[in-house]
Amino acid sequence: EAGVTQFPSHSVIEKGQTVTLRCDPISGHDNLYWYRRVMGKEIKFLLHFVKESKQDESGMPNNRFLAERTGGTYSTLKVQPAELEDSGVYFCASSQGHSYEQYFGPGTRLTVT
Amino acid sequence: AQSVTQPDIHITVSEGASLELRCNYSYGATPYLFWYVQSPGQGLQLLLKYFSGDTLVQGIKGFEAEFKRSQSSFNLRKPSVHWSDAAEYFCALFTDKLIFGTGTRLQVFP
Chain A
5 EAGVTQFPSH
15 SVIEKGQTVT
25 LRCDPISGHD
35 NLYWYRRVMG
45 KEIKFLLHFV
55 KESKQDESGM
65 PNNRFLAERT
75 GGTYSTLKVQ
85 PAELEDSGVY
95 FCASSQGHSY
105 EQYFGPGTRL
115 TVT
Chain B
-16 AQSVTQPDIH
-6 ITVSEGASLE
4 LRCNYSYGAT
14 PYLFWYVQSP
24 GQGLQLLLKY
34 FSGDTLVQGI
44 KGFEAEFKRS
54 QSSFNLRKPS
64 VHWSDAAEYF
74 CALFTDKLIF
84 GTGTRLQVFP
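Which chain is which? The protein sequence lines are A and B, in order.
Adding 4 to a residue's 1-based position in the first sequence gives its number in the working numbering.
FYI, the working numbering numbers position 32 of the second sequence as 15, with every residue one higher than the one before it.
Keep in mind the hints are simulated off the structure, nothing from the lab.
Since the structure is predicted, the reported quantities are computational estimates derived from the model, not experimental observations.
Every residue gets a Cβ at the ideal spot worked out from N, C-alpha and C, and that includes glycine.
Wrong hints could be hidden among the right ones.
With beta-carbon atoms standing in for the labels, derived distance ranges [said to hold, decoys possible]:
hint: 1; chain 1: A; residue 1: V42; chain 2: B; residue 2: P62; range: 30 to 36 Å
hint: 2; chain 1: A; residue 1: G101; chain 2: B; residue 2: G(-1); range: 38 to 44 Å
hint: 3; chain 1: B; residue 1: R60; chain 2: A; residue 2: Y104; range: 20 to 26 Å
hint: 4; chain 1: B; residue 1: P93; chain 2: A; residue 2: K82; range: 20 to 26 Å
hint: 5; chain 1: A; residue 1: Y78; chain 2: B; residue 2: D37; range: 36 to 42 Å
hint: 6; chain 1: A; residue 1: T80; chain 2: B; residue 2: Q28; range: 22 to 28 Å
hint: 7; chain 1: A; residue 1: P85; chain 2: B; residue 2: H(-7); range: 31 to 37 Å
hint: 8; chain 1: A; residue 1: N67; chain 2: B; residue 2: H65; range: 44 to 50 Å
hint: 9; chain 1: A; residue 1: E56; chain 2: B; residue 2: A(-16); range: 28 to 34 Å
hint: 10; chain 1: A; residue 1: Q84; chain 2: B; residue 2: D37; range: 26 to 32 Å
Using the sequences plus the hints, can you model the full thing?
Shown next, in the form of structure tokens:
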């Protein structure tokens, strides 16, 4: 069974540009989470999908971030326009039903210059 | 407020030595606690979890953790560290999402 995958693994963009990160959860997992780790800080929750619906987006930093989950399968996280402080590692995780156990992808390292 | 504290940012041990990584949490209800490990270039891998029952939980790679409600702690231990254990370790609390500590980076000397 394939794990959680994320694309790209690394992205370097200039301030003001747009970047879209993609996450493919484990097949059959209804729950999909996005987290972010800014350098030197803790990993922080961004948002939670249950199927295609946003269950909790309380961690989204501002309206430059837009997350979608088409048809309850893969998810994208778009940053537009990117700012320097958006640099960090973006993790995606998925879980099944009411399970507390989340499986993480390898992360996307975003560098905004 | 719900929070997780990992007091040690960086720990260095010799290969073969014992290891204990500290984790304290703040939560008003029964905690669901996790330890994750991130090796260089890898994602987060679940080492072990505590939901209820036995307070000493066993995980993968020879790790164990002990839940102590009276101390609000969930420390990770390993009796003998291997060089391949060098990584960053994260303690996490599940509420309706995971709340992570800041991580402890483990360095292992031969």
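Go through the numbered hints given earlier and state which of them the structure violates, listing their numbers in rising order. 4, 10
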